[in-house]
Amino acid sequence: MQKNVPLRQPPRYPVESVDHALALMEMVRDYGRVRLSVAARLLGVSGSTAHRLMAMLVYRGYAVQDASRRYVPGPALGVAPAGVPWTAGLRHRAAPHLEMLAGRVGETANLMVRAGTEVRFLISVEGGHELPVGSRQGVALPAARASGGKALLAALAPGDVERLYRQHAELVGSPFDAREHVRLAIELEAVRARGVALNDEITEQGIGAVGTAVRDGSGAAVAGLTVSVPRDRFRAVLDDGLVAELLRSRAELETDLRGFVAADW
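Residues in the sequence shown are numbered from 1 upward in steps of one, following UniProt numbering.
One should not assume that every hint holds.
Pairwise CB distance ranges, derived in the manner of DEER restraints [claimed, not checked]:
hint, residue 1, residue 2, range
1, 263, 130, 39 to 45 Å
2, 96, 55, 30 to 36 Å
3, 68, 169, 34 to 40 Å
4, 240, 37, 39 to 45 Å
5, 190, 236, 18 to 24 Å
6, 58, 195, 39 to 45 Å
7, 22, 259, 30 to 36 Å
8, 263, 182, 27 to 33 Å
9, 96, 192, 27 to 33 Å
10, 46, 186, 51 to 57 Å
11, 16, 194, 42 to 48 Å
12, 239, 160, 32 to 38 Å
13, 16, 236, 36 to 42 Å
Please keep in mind that the hints were generated in silico from the structure rather than gathered at the bench. Glycine included, C-beta positions come from ideal geometry on N, C-alpha and C.
Working from the sequences, and respecting the hints, build out all of it.
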């Protein structure tokens with residue numbers, strides 16, 4: 001049996017400095033506001049190295065420094081941050097829970113946030129299985145196809161979901177696909193009824209996933225918590241109680257988020 005190929009397979013001859021610069025760009029994009037000290041710690045580099053990398057992003061227009069001396073997305077990035085600035089705080093609180101979830105189920109646990117009609121993976125923690133699904137950290141996927149994305153869309157009112165996709169169609173200059181939206185609306189109703197969403201090889205061949213929405217202290221759905229599993233053992237892991245463990249981790253995380261309200265940041 002071969003290990004599943006991740007969405008982004010590392011090259012045979014990686015260039016570490018380039019990889020660090022691109023990872024830093026993803027942090028700015030997904031966290032919305034980044035301190036150099038935090039960036040250095042997450043990259044595993046010195047503060048001076050992080051400063052040099054960030055200086056290049058600023059030079060090329062991918063980041064700018066705000067009044068608090070944190071770095072935010074620059075005009076060259078071309079996309080809005082996933083959440084400004086609460087995603088960094090969410091990541092900090094959620095990381096231990098993803099470690100525990102991955103350890104309990106032996107599979108890859110992920111945390112994602114929605115940015116428009118996409119979801120972006122903030123954290124990805126591989127489980128202990130000898131053939132885990134690889135990290136998705138930094139990956140962006142269509143919300144309507146990813147399990148965590150569907151869980152987050154299901155947390156919205158049906159009318160809000162339709163408005164979201166109509167606005168997206170207008171923004172990109174394409175017609176609104178009413179037939180496809182009906183299909184999505186039916187699927188989201190099923191997600192609301194079950195409390196979890198499934199992704200059975202929809203975004204990636206050979207990979208299944210189950211996801212649920214995580215709510216902050218105000219009750220707002222702020223993130224998707226998911227577990228990714230190779231398709232050949234997806235059904236067995238589900239039968240072994242994967243959904244119960246996912247919901248347990250969600251409850252534990254939401255307990256830690258009682259004092260965390262994204263709208264207040």
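Right, here's what the structure says about each hint:
1. 263 / 130: 39 to 45 Å: 42 Å, holds
2. 96 / 55: 30 to 36 Å: Since residue 96 and residue 55 have Cβ atoms about 32 Å apart, the given range 30 to 36 Å holds.
3. 68 / 169: 34 to 40 Å: Because 36 Å falls inside the window, the suggested range holds.
4. 240 / 37: 39 to 45 Å: 41 Å, holds
5. 190 / 236: 18 to 24 Å: 23 Å, holds
6. 58 / 195: 39 to 45 Å: Taking Cβ atoms as reference, residue 58 and residue 195 lie about 44 Å apart, which means the hint holds.
7. 22 / 259: 30 to 36 Å: For residue 259 against residue 22, whose Cβ atoms are near 34 Å apart, the range 30 to 36 Å holds.
8. 263 / 182: 27 to 33 Å: 31 Å, holds
9. 96 / 192: 27 to 33 Å: 29 Å, holds
10. 46 / 186: 51 to 57 Å: 52 Å, holds
11. 16 / 194: 42 to 48 Å: Because 43 Å falls inside the window, the suggested range holds.
12. 239 / 160: 32 to 38 Å: Holds: the Cβ-Cβ distance is about 35 Å, inside 32 to 38 Å.
13. 16 / 236: 36 to 42 Å: 38 Å, holds
When held up to the earlier numbered hints, the structure conflicts with none and fits them all.
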